[in-house]
Each structure stands twice: as C-alpha cells, then as structure tokens.
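Generate coordinates for the entire structure from the input sequences, incorporating the hints supplied.
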Amino acid sequence: MATEIDERAARKAAITKFEAERPRIEFGSAWEYSPAPEAADIVRIQKRENLFIDGKFVPARSGRVFETINPPTAEVLSEVAEGGAADIDAAVRAAEEAHRKRWSKLKPAERGKYIYRLARLMQEKSRELAVLETINGGKPIKESRDVDVPLAIAHFFYHAGWADKLEYAFPRHRVSSIGVCGQIIPWNFPLLMAAWKIAPALAAGNTVVLKPAETTPLTSLALARICQEADLPPGVVNIVPGAGETGAQLVNHPRVRKVAFTGSTDVGKLIQRAIAGSGKRLSLELGGKAANIVFEDAAIDQAVEGIVNGIYFNQGHVCCAGSRLLVQESVAEKVIQKLKLRIETLRVGDPMDKNTDVGAINSRMQLDRIRELVACGVEEGARLHQSSCAIPAKGFFFPPTFFSEVAQSHRIAREEIFGPVLAVMTFRTPDEAVEKANNIPYGLSAGVWTDKGSKVFQITAKMRAGVVWANTFNKFDPASPFGGYKESGFGREGGVHGLRAYVELS
Amino acid sequence: MSTITSLFDLSRVPPVDQVGIDERSAGLARRSIKKEAKRAGIRLAISMLDLTTLEGKDSEGKVRQLCRKAIRPFPEDATVPHVAAICVYPNFVAIAKDALAGSGVKVASVATGFPAGQVPLPVKLDDTRRAVNAGADEIDMVIDRGAFLSGEYDRVVDEILAVKEACGAAHLKVILETGELETYDNVRRASDLAMAAGADFIKTSTGKVTPAATAPVVLVMLEAIRDHYLATGRRVGMKPAGGIKTSKQALHLLVLVKETLGDAWLTPDLFRIGASTLANDLLMQLAKESSGRYQNEDYFTKD
Amino acid sequence: MSRSRATKGSETAAVRRGQLNRETGNDGLGIRKTYKLYVGGEFIRTESGRADPVEAARGGFLANISRGSRKDLREAVRKARAAQPAWAARSAYNKGQILYRMAEMLEGRVDGFEKLLRDSRGSTAAAARREVRASIDRFVHYAGWSDKFTALLGTVNPVASSYFDFSVPEPMGVVGIVAPNAPDLLGLVTHLAPVLVAGNTAVVLVSEKHPLASLELAEVLATSDLPGGVANLISGRREELVPHLARHMDVQAIADAGGDPGVSKLLAQDAAVNVKRVRRYDLRDYESDDAQGLDFIEAFVEIKTTWHPIGV
Numbered sequence: 004m005a006t007e008i009d010e011r012a013a014r015k016a017a018i019t020k021f022e023a024e025r026p027r028i029e030f031g032s033a034w035e036y037s038p039a040p041e042a043a044d045i046v047r048i049q050k051r052e053n054l055f056i057d058g059k060f061v062p063a064r065s066g067r068v069f070e071t072i073n074p075p076t077a078e079v080l081s082e083v084a085e086g087g088a089a090d091i092d093a094a095v096r097a098a099e100e101a102h103r104k105r106w107s108k109l110k111p112a113e114r115g116k117y118i119y120r121l122a123r124l125m126q127e128k129s130r131e132l133a134v135l136e137t138i139n140g141g142k143p144i145k146e147s148r149d150v151d152v153p154l155a156i157a158h159f160f161y162h163a164g165w166a167d168k169l170e171y172a173f174p175r176h177r178v179s180s181i182g183v184c185g186q187i188i189p190w191n192f193p194l195l196m197a198a199w200k201i202a203p204a205l206a207a208g209n210t211v212v213l214k215p216a217e218t219t220p221l222t223s224l225a226l227a228r229i230c231q232e233a234d235l236p237p238g239v240v241n242i243v244p245g246a247g248e249t250g251a252q253l254v255n256h257p258r259v260r261k262v263a264f265t266g267s268t269d270v271g272k273l274i275q276r277a278i279a280g281s282g283k284r285l286s287l288e289l290g291g292k293a294a295n296i297v298f299e300d301a302a303i304d305q306a307v308e309g310i311v312n313g314i315y316f317n318q319g320h321v322c323c324a325g326s327r328l329l330v331q332e333s334v335a336e337k338v339i340q341k342l343k344l345r346i347e348t349l350r351v352g353d354p355m356d357k358n359t360d361v362g363a364i365n366s367r368m369q370l371d372r373i374r375e376l377v378a379c380g381v382e383e384g385a386r387l388h389q390s391s392c393a394i395p396a397k398g399f400f401f402p403p404t405f406f407s408e409v410a411q412s413h414r415i416a417r418e419e420i421f422g423p424v425l426a427v428m429t430f431r432t433p434d435e436a437v438e439k440a441n442n443i444p445y446g447l448s449a450g451v452w453t454d455k456g457s458k459v460f461q462i463t464a465k466m467r468a469g470v471v472w473a474n475t476f477n478k479f480d481p482a483s484p485f486g487g488y489k490e491s492g493f494g495r496e497g498g499v500h501g502l503r504a505y506v507e508l509s
Numbered sequence: 097m098s099t100i101t102s103l104f105d106l107s108r109v110p111p112v113d114q115v116g117i118d119e120r121s122a123g124l125a126r127r128s129i130k131k132e133a134k135r136a137g138i139r140l141a142i143s144m145l146d147l148t149t150l151e152g153k154d155s156e157g158k159v160r161q162l163c164r165k166a167i168r169p170f171p172e173d174a175t176v177p178h179v180a181a182i183c184v185y186p187n188f189v190a191i192a193k194d195a196l197a198g199s200g201v202k203v204a205s206v207a208t209g210f211p212a213g214q215v216p217l218p219v220k221l222d223d224t225r226r227a228v229n230a231g232a233d234e235i236d237m238v239i240d241r242g243a244f245l246s247g248e249y250d251r252v253v254d255e256i257l258a259v260k261e262a263c264g265a266a267h268l269k270v271i272l273e274t275g276e277l278e279t280y281d282n283v284r285r286a287s288d289l290a291m292a293a294g295a296d297f298i299k300t301s302t303g304k305v306t307p308a309a310t311a312p313v314v315l316v317m318l319e320a321i322r323d324h325y326l327a328t329g330r331r332v333g334m335k336p337a338g339g340i341k342t343s344k345q346a347l348h349l350l351v352l353v354k355e356t357l358g359d360a361w362l363t364p365d366l367f368r369i370g371a372s373t374l375a376n377d378l379l380m381q382l383a384k385e386s387s388g389r390y391q392n393e394d395y396f397t398k399d
Numbered sequence: 027m028s029r030s031r032a033t034k035g036s037e038t039a040a041v042r043r044g045q046l047n048r049e050t051g052n053d054g055l056g057i058r059k060t061y062k063l064y065v066g067g068e069f070i071r072t073e074s075g076r077a078d079p080v081e082a083a084r085g086g087f088l089a090n091i092s093r094g095s096r097k098d099l100r101e102a103v104r105k106a107r108a109a110q111p112a113w114a115a116r117s118a119y120n121k122g123q124i125l126y127r128m129a130e131m132l133e134g135r136v137d138g139f140e141k142l143l144r145d146s147r148g149s150t151a152a153a154a155r156r157e158v159r160a161s162i163d164r165f166v167h168y169a170g171w172s173d174k175f176t177a178l179l180g181t182v183n184p185v186a187s188s189y190f191d192f193s194v195p196e197p198m199g200v201v202g203i204v205a206p207n208a209p210d211l212l213g214l215v216t217h218l219a220p221v222l223v224a225g226n227t228a229v230v231l232v233s234e235k236h237p238l239a240s241l242e243l244a245e246v247l248a249t250s251d252l253p254g255g256v257a258n259l260i261s262g263r264r265e266e267l268v269p270h271l272a273r274h275m276d277v278q279a280i281a282d283a284g285g286d287p288g289v290s291k292l293l294a295q296d297a298a299v300n301v302k303r304v305r306r307y308d309l310r311d312y313e314s315d316d317a318q319g320l321d322f323i324e325a326f327v328e329i330k331t332t333w334h335p336i337g338v
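As they're listed, the protein sequences go chains A, B and C.
Everything in the first sequence is counted per the numbering used here, starting at 4 for the first residue and increasing by one.
Everything in the second sequence is counted per the numbering used here, starting at 97 for the first residue and increasing by one.
Everything in the third sequence is counted per the numbering used here, starting at 27 for the first residue and increasing by one.
Derived from the structure by calculation, the hints contain no laboratory data.
This list has only true hints and no planted wrong ones.
Here are the simulated DMTMM-like pairs of lysine to aspartate or glutamate, each with C-alpha atoms no more than 25 Å apart in a straight line:
1. A:Lys357 with B:Glu132
2. A:Lys168 with C:Glu324
3. A:Lys455 with B:Asp118
4. B:Lys131 with A:Glu347
5. A:Lys357 with B:Asp118
6. B:Lys131 with A:Glu131
7. A:Lys478 with B:Glu355
8. A:Lys397 with A:Asp371
9. A:Lys343 with B:Glu355
10. A:Lys50 with A:Glu127
11. C:Lys291 with A:Asp269
12. A:Lys397 with A:Glu78
13. B:Lys130 with A:Glu347
14. A:Lys397 with A:Asp44
15. B:Lys193 with B:Asp233
Rendered as structure tokens:
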C-alpha cells in the first residue's frame, strides 16, 4: 500500500519535473519586424456619402444619416445617408425600369462586356479598394489585398463570361431573368459579398438593389462609383446603405422578385417567413459552426495551419469559420501543443500593417459578444488558451483564443461566436467524429484532415455541410459553389449552381 | 544493424501535405521586411553565411581570397560582421584554416565523397578523418540517396553514425540533397532520420542539384527540427544551401526560422546559409538601405 | 346463391346501404375496409383511434380511412429519419431497381387501381386507365434517373489554385410531401418518385379528398423491396397535419403540391423554423412530360462542394 502511494508520488514528481524542463520555444524579439504600414493616402473618403440610385448619388429622402468608423481607432470616417422606405422604393423602381427597358433587352454578350468592364476597373483600383476595405472593416490589409479584393474581381470576371452562355448551363430550358433582386450583405466581407451578389445577378440579366451592412458601407459605394465609371446603365445597380429597417423595407417591397441574404440565421428565418407566399425567390447564406476534424494520420503541421486559418482568418468573422476542432485523442496533446505555439506567432494589431495577421474586431457590439462567450467558456469549465501577443490598448481587439477540454454541451461549442475563438473537443473513432461534427443545427462547412485517401472520401461524404475542405480550409473560388445545408441556408453562390438562384427557367 | 535504427521509428514520421507547406511558405514570403528589420536581418544573414567554393577549379589562391572576404565582407563598413564559416573541399581545409586563423570564422569541409556520395564507406570515413585532421571545425557529409530512396534506411543511419564518430569534436552537417529526394515526405523522413542518427545540422543540398534550398523544403526541415527539439530537448541546426542568391530569399528564410523555431535558432550556431554569390547581394542591399541609392555590382568585390 | 343481376341504380343503392359487396356484387354482407396508414413499412391504425368514411364519387360509402394525427406524423418522421442514411447509402443501381420494381408491382394491379380511381374520384374508364399507365411510366422514368442525375447535377470546378474541387448532389434528408388532391395517384407518384430517387425518405400527406388510391399504393410500396420507413403515407385532414409537418424540426424540405394558396402560405411561413427548403408545385397537367424530369430531382438535393489539394 505504502509503496503504491510512493510510486504514484514519484510518478507525479517525475511528470512535474518533465513539465518544468520541457523544451520550450520562445518567439521573442531576437529579430523584430519593423512597422510596415500600407499607405492610406490612396483613398479619399468623402465626409458625406450618399445613396446610389438610378446611376446617381443622392441624399436620403429619409433625411437620416449614420456615422461609419474605422474600427481600430473608432475615428469617424464619413456620414452615410441611410435609406428609408421612400429611398428603397425609388431604388426598386429604378431597378425595375432599368430591367424592363435596358438590361433585360441588352444582347447577353453586351451584358457580359459591361461586367468584364466592371472587373477590369476594379482590378485597376485594387489597391484603393483593399485599403478602403481595411479602413472601414478592420480586417488586415494582407487579407483585403490578397483575398477579398482579388476574389471579388474574379467573381466579376467569372460571371461576365456566363452572360451569353446561360442556355448551356440549363439545357432544355428557356432561361430568362427574374427582375429586381433585393440583396442584403454582412460586414465581414463587404466588397466580396457585394461581388458574390451583384455579379451573378447582372450576368443573368437581373438588376439589383443592394443594402450593404450598416458598419461597412464604403466599399459598396466605391463599387457604385465604378459602376458609374463603367457607364453601366442607370438603375442596373443601386446601393442603399442602412440598418435592419432598411433591409426589411427592401425584402418586403412588392416589386422585388428575388431576395438574397447573407447574414445571421435568426434574420434569415425572419426573411423566409416574411416573404412566404409572396412568390419571391429566396437564397440564404446564414450562420455556421463548422467542425474541423483532425485524424491521427493527418499531416499535423498543415492541419494546424488549417485550424489557424479556419478560425483566425478575418478575426473569425467568417460564417464558415472552423470554430470547432475535433481532434482524435491519440494526437490531441500534440495538436494542442502545436496550436499553442502557433498562436504565439500571430500578429494582432493595426490592420493597415502589412504584417498583421489578426486585425480589429468589427464593432464594440461584436467585441462584447465575444467577451461574453469567452467568459462563459471559462465559467463552464473549459480550459482557456490565449496568445500572449501584444494587443493595442485602443480600438476593438481580441487575442487569438482557444479552449481545450470542451464538451459538446458547452455554449462555446454550440453558438456561433463570430470571433477568434476556437472550441477544441476530442474523439476516438471516425463514427464519433462524424456524429459530433454533424451534431449542430448548422451545416455550412466542415474540414477533414487525414492522409488516407479513402478516408477523405468517406468522411467528407458524411459531413452534412455544403462545403467540405479536405486537408485545407477556407478556400474560395468563383467557379466553386458555396452554400449551406440545414440552418445555414439554401441556394449556392458561385459555379453553375450559383447561377440557378438568378434565373427563371421555363 | 545499428542500435539507433530502432530509435528511428519510421511510423512516427508525420506525412507532409505539399500544397499546405507551399501555401504556408508563400504566406510567410509576404512578410514585409522594411527599414530597421531589413538592416538587422541582412547583418544577421551575413553572420550566418557559409561562404562556399566547391569547384573543380578551386585553388589555393581562390580559397585565400575567399577567406579575406569571409573575415571582412565589406571593408568600407567595419560594423558588418564576419561570416560564420568558409566551406571548401578537404584539400583546402589546411589553407583555409591558416588564412582564417584568429578570425572567428570557422572552416567547414565537405566530405564523404561529395557531392554524389557514391564511394565505399571506408573512403567516406577516411575522407572525413583527413578533413578533421587538417583542422576542419565542421564536416558537411552527404547521405546515400540511392540507399534512402530504395528504402535502406538502416544503411543511411549507419553511415551517418560512422561519419559522426569519425568527426570527433567537429560538428556534423548532414546533406539530404532534397532535390533528389523530390517529395516533402522524403525530406521529412530524411530529416528525422539524420537527426536520430546524431546530426548536429541538417542541410538541404550540395548546390550541385536543382532544385536546391527552396523555401518550402526549408520549412519542412525546420518543422522536423522543431518536433525533434520538443521530443528530445536537443537543438539541431539548419543549413539551407544552393540557389540562394538574393537578399529577399535570405530574409524569407529568416522569417521561416523566426516563425517556426523562434529566437533560439536566430544565431549562426544553429542557422547557416550556404551560398557563394549571396554575400554581395546582401552587401548591396545593406548599402542601399544606408545610402538610399540602388547599387552597382562593381562597387563590391568578387572574390 | 345466384349472382345478382340488379340494375346499376339499385346496385349503387345497395352499396350505399352497405348491403352489397361492391367487389363481387354478392348479396352477402360487405366487408367495409378501413385503409390504414403506412408508416415505417407497416400498416398501422392511427394512434388517435379516429377514422373517416370516404364516399364514392357518385355518393355512398366506399371505405374508411384512418384520420392520421400529429402523433402519427411524428412517428412517420421518426421512421423516415431512421431509414434515411441506409436508403441513401444504397447504390444508385439498387435504388433504380427498386423504383422499377414499384412500376412492376403497380402494373400487376392495374385493374384494381383503375377501378379505385373510377369509384373514388369518378374518373372515366379512359381517364383512370391513362392515369394508372402514367403512374407506372413515371416510376420507370425515375428508376432510370437513379444512376444518372448525379452526373448531370454534379460538376468539377476549375478553381484557380492547386485543388481538386467538385460538387455533387446529396439527399436533403426527410422530405415532406403534400400531395395534390387530384390526380391523387399520379400526383403522389409524380412527387414521391423524384424525392426517393434522390436518396431522401418521405412523409406524404396523401390526397385529402381522394385518399384511397394513394393508400392502396402503399401496398405496392410494401411489396416492392422498398425498405420500411423510406416512404410513409399518412391520410387525414390537411389543416390538422400541415402545420405539424411544416414546423417539424427534423424535416428538411417540403414538396407542396396541395394546391391551396392559403395553406401554402402558412406552410411556407412555418417552414422557416428550421430553414426548410419549400418547393411549391402547381402543375396543370400531371400526365405531361413536363411533370417529370431532372428538375424534380434537383429540387430535393443539396449540392456539396469538396476541396482537396493536388500534390505529392
């Protein structure tokens, strides 16, 4: 008995000693990167931004304005006109008239050329658009420069080519446009989401009224200027900034024939309910709580990169973020160790610095929600790990965070946090992994990491999610359909399948 | 059958995803290294250089000139550090040793039938011993890629063990010749194997085969070194060599080291860059940084 | 006992009185059949213990049907959910074989179905015959789609990076079907077959006005190798059942061919509780070739996109 206790004590002491002497990797200041700020003077933000209706910038008939800020500094960038009922009505009517008189009558190939023109103009202003996106949204310039803007441009290029080929996409059908599309987009990828919405709509011969998110209207309005510069017929694209109320007016406008919404599941359900029975077409791209499944035979270092990209890309403000990590027990310790190391090298700070990996949280409200859920995770007994990186004192920032020892029942494992916070859980067998991954009302995306080909095919097939990344994560392409299962919405964006949401077939 | 072979457990070598490594490496290549970071990085890179000449036409004169460059790479600026080592064929070890006496610059010698390694083991060992006896501080050996690629890992391990023994106090760098191994999986496997067999450094290439020290290959090897350290507590050094010609490449390599292995490896004791023409590009960039003017190569000595 | 030679009029009157066996025309006491629900591969009475009489088209009692309850519906969804993964996992070839088997089993009972349509809906002999033929053909049509639609709805996507990227259709899960009141048989087959061939399982609210042929079809389904629970048929009252179907959290989609705009609107509103996919159908001519095809399958598949790196 006594020996047994002695042995146990000795083992415990040995473990403690091992922990204390455990090799450690320090990411310190032996060689520091100097600040590398992107020049902001390429953009000139107007003190007052108006609505873009019928090809012209006009003040809101509502008379209301709201301020839009630079999230890391909270500096007011501009006063933006807020669309009211009369503005929405004017925009929808302009779009309807443009559809009837111009856009639907244009030869499809000519329509395509307009869209190509938009793409080219965006390309020529790519630096300006990237800077503007970062200033208004808080995302790292590295991402707006290398991801958001190039992908937005690619969406226009891709869809331009579809304009005169729709019959090939839908054989045995007569293809026609739907009419006015009311489109509502979120603040996490403002320009990219505008591109995802506008490009396919225009290619299929529709006209649009787009409502950008309340906090990030500036790149949509820059796109409006590009539409003007491209001599796009007035009314084909209308941009009406505003908040939820403006969105509701757009959705409920009787002359809107098609509604496309990207945002929260709660609002998506309200919209689905609101337009029930109206005959309006609807596509929804809603929330997610994607699982990233790491099997023991995975390329662990690349899996860790994928995990990091999955949850810290764009501060975790990504509907398809890999916010749950399911790791096989046999490699859990190793993965967590590597993840802890890896988040130490993430650089949090000034979004305009070219070396920043994690930028500013988009708004005070969002930051509060992240803090609340992280506090909840601690309270529920999960183990908190946070990067020790320096966080700017001013502005909305949150360090890269993950929780280990999380249970399926924890709030942090079920609710969409929409921030740089990952919940790590473990599993033992493939069936358990699949069950846990699917055990959520969402179904937007999933990640699977294994070096075994046959396992890739079986596990990806079992994921109830619209986009499954195997041995990678958060990849996007205009040729690749994106969209959800279950409460993550319906309809696809991108690829042939994405076109379906914008055509009338007979 | 060596005893170490059983320590090298092939099943524990993790797979490497090519696209994932390429993307990570490309991501780190986009780090913006400007101003003070650039100046400090260039100085650091110079201090990590293994200034190399490995040619059939190498002569005493060539080696002595190179040694002068090694000691004072930039005569106009005394603050520029000396390089880490001179890397030569065994025939020139004694000459280099003499030329570098008291400078702090080490002498590295390739050995073991460099670059192909296709000579009998006794010849390899003899080659090694002679270089060490002539004063080499470091031995850069090549592995038997033929044996490695045909799965004879024991043989590769045994050779490294034997060469290591022959090195005595000299540091052993094990050249994998990654260009011939072709896949990242092989690079990772060879890295783990070399470290298990006692390599002090692992090195990408001989410089005689392309591709040589590509950034993703270096990253694969750095990750292997990190995992070896975390598992054993032993710090193995890294030496990319071959095809590194520009300051931009060198700074990218430093970024890879900084963000994979951290501060401890940002020293010539654990990171070297094997190159022959890189030195001048580093010096030109340094001059550009201090003067603000783009440079002409005739203002820098070709040795 | 001699075979009755009663006139048509008096026969109808006798049937109405329940005195005459309408099948044989015998004078013996008729057997009043109560059609049961088809749930989980079994014929069950409603748990609610309720039945409704169904009148013949020309008046008079024809049969009793179970008036399905919300609990029957819940049970049907449970069975459909349980059956779905295994059904989806069957090979396309096998699913096609089973659908073809349905056609075969229906073919073997043509006369009975024609009579049922004549009696229950008052279809002319020619119309009843056409509808049954069309129903058989529709099963055959979708049997053939089984191993083809994936190739037509799937794509390989040429992304601008080193990835193999492809999109394939997958089943949505459990699909609710609100079948049209008429044509009850062909309408049911038209909406059920594409849902099944896509790998979904179905919970069907059969025609409220003319449920008999649909319930009779359950016997075809039960004998055609279709695994229990894949198709579940509930008879009863729409206003009672539709809201529960529309709000059921374990139903992923609804094919709404009920034809009542008021009910459809409520259904569409309720469907938002779990972001159900609702496809409303208002087909003018169920016998037309326009009432079948790939579009009917496409409406009940999800598109999944998979990315995988290309490397060594």
